[in-house]
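Quick note, the sequences are listed as chains Z and A, same order.
For the first sequence, my numbering assigns the number 1 to the initial residue and increments by one for each residue that follows.
For the second sequence, my numbering assigns the number 1 to the initial residue and increments by one for each residue that follows.
A hint or two may mislead.
Partial selection, computed: residues in chain A whose CB lies under 7 angstroms from chain Z [as the list claims (entries may be wrong)]:
# : residue
1 : 13
2 : 24
3 : 27
4 : 28
5 : 31
6 : 35
7 : 238
One-sided excerpt, in silico: chain A residues whose CB lies under 7 angstroms from chain Z [what the hints assert, rightly or not]:
#  : residue
8  : 15
9  : 17
10 : 20
11 : 38
12 : 270
By construction, these hints were calculated from the structure, which means they are not laboratory data.
Beta carbons are placed, not taken as given, at the ideal position from N, Cα and C, and that holds for glycine.
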Amino acid sequence: MNFIVKNIIRFIILILLQVTIFNNIQLSGFINPYMYVLFILLLPFETPPWLLLVLSFFMGLSIDIFSNTIGIHASACVFMGFLRPIVLNNISVRDNYESDIEQGLYVYGFSWFFKYALILILAHHSFLFIVEVFSFNNFGDTLIGIILSSIFTLILVITSQFIISKK
Amino acid sequence: MKNLIQIIVRFHFTILFLIIELVCFILIVNNNNYHKTVFLNSNNALSGGIYNKVNSFTDYVRLTKINDQLSNENTLLHNLLSENYKLTADSFFFYNDSVFKQQFIYRSAKVINNSINKQRNYITLNKGKNQGIKPEMGVVANNSVVGIVKSVSDNYATVLSLLNARLKISAKIKKNNHHGSLYWDGKDYRKARLIEIPSHVDIKIGDTITTSSFSSVFPEGLLIGTADEVLPSSGGNFREIIVLLSNDFNQLSYVDVIGDLLKNERLELEKEVEK
Chain Z
1 MNFIVKNIIR
11 FIILILLQVT
21 IFNNIQLSGF
31 INPYMYVLFI
41 LLLPFETPPW
51 LLLVLSFFMG
61 LSIDIFSNTI
71 GIHASACVFM
81 GFLRPIVLNN
91 ISVRDNYESD
101 IEQGLYVYGF
111 SWFFKYALIL
121 ILAHHSFLFI
131 VEVFSFNNFG
141 DTLIGIILSS
151 IFTLILVITS
161 QFIISKK
Chain A
1 MKNLIQIIVR
11 FHFTILFLII
21 ELVCFILIVN
31 NNNYHKTVFL
41 NSNNALSGGI
51 YNKVNSFTDY
61 VRLTKINDQL
71 SNENTLLHNL
81 LSENYKLTAD
91 SFFFYNDSVF
101 KQQFIYRSAK
111 VINNSINKQR
121 NYITLNKGKN
131 QGIKPEMGVV
141 ANNSVVGIVK
151 SVSDNYATVL
161 SLLNARLKIS
171 AKIKKNNHHG
181 SLYWDGKDYR
191 KARLIEIPSH
201 VDIKIGDTIT
211 TSSFSSVFPE
221 GLLIGTADEV
231 LPSSGGNFRE
241 IIVLLSNDFN
251 QLSYVDVIGD
261 LLKNERLELE
271 KEVEK
């Protein structure tokens, strides 16, 4: 029961952070961090796959409602939720994943979390930016936006993990 | 059936993913104007291309008839050639070009999609912006009214057909110049209604209905059809006339798009009055 409440609180806090702070950061028109994907990254291992998709959808939709882009973030989040089990299966850990814990930075080490977050964030951002532009014209610009924003988001996600784990 | 259920159970994750993505994209296209336009434009390019292909076939089937029509027209034009006329008058008239200023310019286009069975019928033409077609131009076939160009892309144009309840054009009775407006009531594709004709006006079945000079889209005097039935006025001051359209919209194949070279001048002048 505890982790459900925890996830709900995280859901709300991340939406508020994203809407009030991160949506207003637009460095040089390209870099736009989407920190809220942390919610999908940190869902427990044993979340049923269908629930994962549904939660991702609602996470994205909530962001969409605030930023007036109905459907765009939702589609990217669902894509990310779809990839998550596949990525988890393919990033090896010495032992099997233990149940009942969240995959924070402090559980399986920095390099594991870095790989895990990098792949999913990159996937999410690629999908998001391409859907947002909705065409393959000026693909170079889109690509630069994807890469720079992914790096920024990744830095924020990892920093947040350091801050939480120190507590 | 059992297998189907097994497949669904086995791939429920992927299937659910695809369903949710589909929902997302429906949301995107319906709620974001930019995405909507991109989606519709690509859609139109695709459907326009397909219609073109389908049409090249139906055109081939119709060739005999069109050849007939063309040869008839040819003879007609040959007959009109000046060589065929013998000069009988004793005096000459010299026309100065500055007296006649060309106002209307005709461009031929092919109908590649058309419908007659809906409440709002549209026609698609195979010419667009690149060929000089602009919105609000009039469209005629066999010198009688077909519709008004609604929107254009680079190489295609959509025409608001006369068979569209949203189109109202200004029309008049040829013999006594009484004006009214003409619209289609959505029932019979061969008949339209002419309204706002005062009840004292003399009209008989078979009278010709043409476009009026009020319209900035069509030249005056283009044929629309003939009066087919005059409905008695029901106490009011106006009566309605059912007009038998002279064009058979089901057989449209080639049309002419009319550009009015002086249209802007006229509209600007009329706008100034309204200020």
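Results for each hint:
Interface restraint check: residue 13 of chain A against chain Z, minimum CB-CB distance 4 angstroms, threshold 7 angstroms, status holds. Residue-level restraint check for residue 24 of chain A holds (minimum Cβ-Cβ distance to chain Z is 3 angstroms; threshold 7 angstroms). Interface hint status for residue 27 of chain A: upheld, as the beta-carbon distance to the closest one in chain Z is roughly 3 angstroms, under 7 angstroms. At its closest, the beta carbon of residue 28 of chain A sits 4 angstroms from a beta carbon of chain Z; the interface hint therefore holds under the 7 angstroms criterion.
With a least beta-carbon distance of about 4 angstroms to chain Z, the hint placing residue 31 of chain A at the interface is held under the 7 angstroms criterion. Hint status for residue 35 of chain A: holds, given a least beta-carbon distance of 5 angstroms to chain Z, under 7 angstroms. A cut of 7 angstroms between beta carbons decides the hint on residue 238 of chain A: the least distance to chain Z is about 48 angstroms, and the hint is violated. A distance limit of 7 angstroms between C-beta atoms decides the matter here; for residue 15 of chain A the minimum to chain Z is near 10 angstroms, and the interface restraint is violated.
The criterion of a C-beta within 7 angstroms of any C-beta in chain Z is met by residue 17 of chain A, whose closest approach is roughly 4 angstroms, and the hint holds. Checking residue 20 of chain A against chain Z by beta carbon gives a least distance of about 5 angstroms; that is within 7 angstroms, so the hint holds. Annotation: interface hint on residue 38 of chain A holds; nearest CB of chain Z at approximately 5 angstroms, less than 7 angstroms. With its C-beta approaching chain Z no nearer than about 40 angstroms, residue 270 of chain A sits outside the 7 angstroms limit, and its interface hint is violated.
Hints 7, 8, 12, counting from the list given before, are not met by this structure.
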